[in-house]
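Q: So the protein lines, in turn, are chains A and F. Residue 478 is where the first sequence starts when you use the numbering used here, and the numbers rise one by one after that. Residue 1412 is where the second sequence starts when you use the numbering used here, and the numbers rise one by one after that.
The reader is advised that the hints may include incorrect statements.
[Claimed, not checked] What follows is a list of derived Cβ distance ranges for each label pair: (1) F:Asp1812 <-> A:Glu510: 35 to 43 Å; (2) F:His2117 <-> A:Glu483: 53 to 61 Å; (3) F:Glu1954 <-> A:Ser481: 40 to 48 Å; (4) F:Pro1953 <-> A:Thr527: 32 to 40 Å; (5) F:Phe1904 <-> A:Ser481: 32 to 40 Å; (6) F:Arg1563 <-> A:Glu510: 48 to 56 Å; (7) F:Gly1956 <-> A:Gly517: 47 to 55 Å; (8) F:Pro1953 <-> A:Thr587: 47 to 55 Å.
These are calculated hints, taken from the structure and not from any lab test. We treat Cβ as the ideally placed atom computed from N, Cα and C, and that holds for glycine.
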Amino acid sequence: MRLSTEVRGDVTVIALEGSLDSRTAPQAQQEIEALFPEEGLVLLDLSGTTYMSSAGLRVLLLIYRRSQNGGARLALTGVPEEVHDIMAATGFLDFFTVAGSVEDGVKALTV
Amino acid sequence: MSEKRLAGSTVAILMESDFVEPEIHYYQRRFTEEGARVEFLTRLWGQESITFHGHEYGNPFTVSGDLEAVDDDKLDGYDMFIVPSGIVSDRLRYTDDVNQLAPAVQLLRRAFERPNLLKGIICHGLWLAAPIPEVVRGRRLTCHNNLVGDARNMGAIYTDQDVVVDGDLVTGRSFNHCHEFARMMIDLVAAARAPRARQLVAAGAGAAGATMGALPEIAGNGSNGHGNGNGNGNGATAVISGLVAPPANGNGRAAAALEPVAPPRPPGYQPDFTFSDLVAGYITGYDPASDTIDLKTNEGKAIQARLTSTTSAEFLRNLGEPYVDATGHLDELLKPGGYLFAYGIYYPENGAYTFEAKRLVFLGRQADEYNFERPDWWVRQLSALAKFYRKAQFGEGAPIDYTNYRTALRLGGEKTSGLKGVQETDTISRLVYGMASAYMLTGDEDFLDVAEQGTAYLRDHMRFVDRDEDVVYWYHGIEVRDGTEHKLFTSEFGDDYDAIPMYEQIYALAGPIQLWRLTGDPKILDDAEGTLRLFRKFYHDPEQGGWYSHIDPILLSPHHESLGPNRSRKNWNSVGDHAPAYLTNLYLGTGDPRHAEMLEETFDLIVGHFPQEGSPFVQERFHADWSADRSWNWQQDRAVVGHNLKIAWNLMRMMAVRPKDRYRQLAVDIGRKMPQVGADPQRGGWYDVVEQHLQEGQEVHRFVWHDRKAWWQQEQAILAYQILAGHTGDAEFRRRARESAAFYNSFFLDHDEGGVYFNVLANGLPYLLGNERSKGSHSMSMYHGAELCFLATVYERLLLDDEPLTLHFRPNPDGFADRVLRVAPDALPPGRVRLDWVEIDGQPYQDFDATALTVKLPDSKTALRVRAHLSPIGN
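Pulled out of the complex, with its shape left as it was, chain A reads as follows (with noise of 0.2 Å):
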């Protein structure tokens, strides 16, 4: 498990690589908080992602709620096949902006 970020414009694009699962999930957790800006624009790149267990969803679902908390709006883009059929099944699909590449998602969140 690997993160990376960038920041493109107004938004920061941070990108995950490799398994996100329970052995994963808390470093992958932390990480991700870390680079979290407090205010502006997210957008969590998860093309580079294998897989994703239920572990990875809930630290999706963390993330996310500290966005709401917080001041940052958040969208998702490279969401795995997999795991989109996953978040559309547990019902939280709906509550991500979930766009097509980094482009649309830097699109989405600017506009």
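Could you slot chain F onto chain A? The hints should help.
A: Positioned in the frame of chain A, the structure of chain F alone reads:
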């Protein structure tokens, strides 16, 4: 101080062989020194006298007083009655006929029937009370350390002190404390004989006790443990007696005692200003000439209330009923035995207080009538509650739309304004519970609709199906902002922040499971099984038993450091709350032995780990290894009164599932102890959170934040004492149930806005500030109020009053896989209730089991309407 304080009084002391020489010789000299006549009594076995020998030195001591010759007059002439140390009590409790009480035991019982006679029991003397435990039940006492278990088995509240005063009973630890014990006895009798005390006593006891000169003011204080915390020996009794209202000057009845004695201020603080307060009590007398009512409180204390020209009176009324004035009928209503609440003003004057009542509430029209024992009282209340919440959340008669549901409701049921609104999983679940229960009792399908749509909403919006782990868990809730939803994944409450508390998962099941009992909807059962897997896989401690209170949201581990003070902890909620919230109902609906096993584990853990030495309360929080956690957050070393009562109630329910003596014992034990430490002896009702242990110099368990009374704790008391009375037939439990229901129905029903109040002050006035003003919040919603109405109906009718009960069910076509509908409304003692008749879609139906309380449903393509009529089986 050369005056003889006991001049003219008589001290009776029981004697036998194996007495403790220094003790007996000390009494003989010490009481004589104070001017008392000391009379030694024993069983003479037809002889003139008997010479006994001491335990330590074999000293001889000759006794000629015959305890069998002590008639009532003679007994009335004693001022003290002492059971000494040594083997005296054991010898005296010998009885040749095992069906008869020994003469000394009979005499002791007669002594206890006289509240004006001060009883003293020291060291092993307590043995003599063993055949008549009712005389010490619920009372604070001490005894030899070897007898602590015996004291508790007698139902007494063992108190770890050298000398303990409980009203007309003084106890001492051992003969080594005979001097302190004797001094306390002397002080108390001397205080009672002092002129000022005599005046207050006569005034306070009113007509009933105006002639004696001894101890009722002490008797009034003692046995409740809530008298007045600032006492110091004599001062304490004087302060308490001061709170007993005297009659007005010129009241002929007690005038003789009202000599113009200027009372010195007793030590300690005594309010010298007017204040208003509530009194709850049984009428013992009424004098229309002087407008004076004599009352006896729940704990037997005498109080006098005066009526004024502006005193109003009303009858207890239910939600939805109009005010019914009683002011014009006082003469007929103020009959002995009737129970009433009097709210009024205390005036400090003439060295005491005059209490003038301004508002009276009568519980019924006759002494033995309690409006809340009418068969339909609780059903109507439940229906009114359901209508209140229906209207508040969705409008009256409007379509049920849960997107409009809001957890926060104001006092009148309005939703808080603004675009932001939270929908908590647990408050919806609790609403569903209340609505499903309301349907079961009334058959009103609108309530069923609210329950079904609420359950569907929970499933669609609050449920997380974790496919990796094959478990289901529930979001804390969702927040609706600008018309869109935002999930609240982990708890939003300070106690549980950023964790998944067991408590919330448990209560997410409360509503759906209650609904499932009606419909058999298999989707509900699937979710419940998934949540139970969550409990087993992640919360359960397979090594040391029980369930952890919190897990972290990422790894679902109870041991993760992010949990902070909730790491590796177990508590009452995580261990015990399964039973009341959903598990008993799940077992009732399924009959599945797995659920009975889980219940059994729960209650075995409670009886195994919760009771503690040195406190009348259960311990509620634990580390993984069951050692007590006395440092957690707000709980520290504190007890929630309602949790103790809830445990007693649910242990008794468990007696109908898998009975064990230890369950009953703990339930009865809590039921006996709680009134002394958790109830308000003066005003009725039950307190909230108190310190578990008394500090040095304290006699009353301290309130942690306030002395308010919360609605849900009253519920626990009512249900606990109803079911205890229903199982045991014990009149004291029945009385407690009534007194608790009287307070709840008199002060918690909001006749102006609807619903019930969250908290009232100690005096019964609603407390309407901050969160406690709300009607829909976490835990409030429609759960406890509805559960009370539902189960009070069941217990009152089926276990206490021998009244039948008709229940409504609405099984789905695909519901109840085996097509067996289980209609028992609660865990009822086997053989007490039978299923009389069943009706399906309005037609009589025969395929049911009258003793198992089950209906074999017909095959059907539509949902059925089932009515099941249950009757108690007479003894």
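Q: So, for every hint listed, does it hold in this structure?
A: Consistency of the hints with the structure:
Checking the proposed 35 to 43 Å range against Asp1812 (chain F) and Glu510 (chain A) shows it holds: the Cβ atoms sit about 37 Å from each other. For the hinted restraint 53 to 61 Å between His2117 (chain F) and Glu483 (chain A), the CB-CB distance of approximately 55 Å keeps it satisfied. Between Glu1954 (chain F) and Ser481 (chain A) the Cβ separation comes to about 42 Å, which falls inside the hinted range of 40 to 48 Å. Distance hint for Pro1953 (chain F) and Thr527 (chain A): a CB-CB separation of about 33 Å, consistent with the stated range 32 to 40 Å.
Between Phe1904 (chain F) and Ser481 (chain A) the beta carbons are some 36 Å apart, a value that agrees with the proposed interval 32 to 40 Å. The hint said 48 to 56 Å for the Cβ distance between Arg1563 (chain F) and Glu510 (chain A), and at roughly 53 Å that hint holds. Between Gly1956 (chain F) and Gly517 (chain A) the Cβ separation comes to about 49 Å, which falls inside the hinted range of 47 to 55 Å. Checked against the hint of 47 to 55 Å, the C-beta distance between Pro1953 (chain F) and Thr587 (chain A) comes to roughly 52 Å, which is consistent with it.
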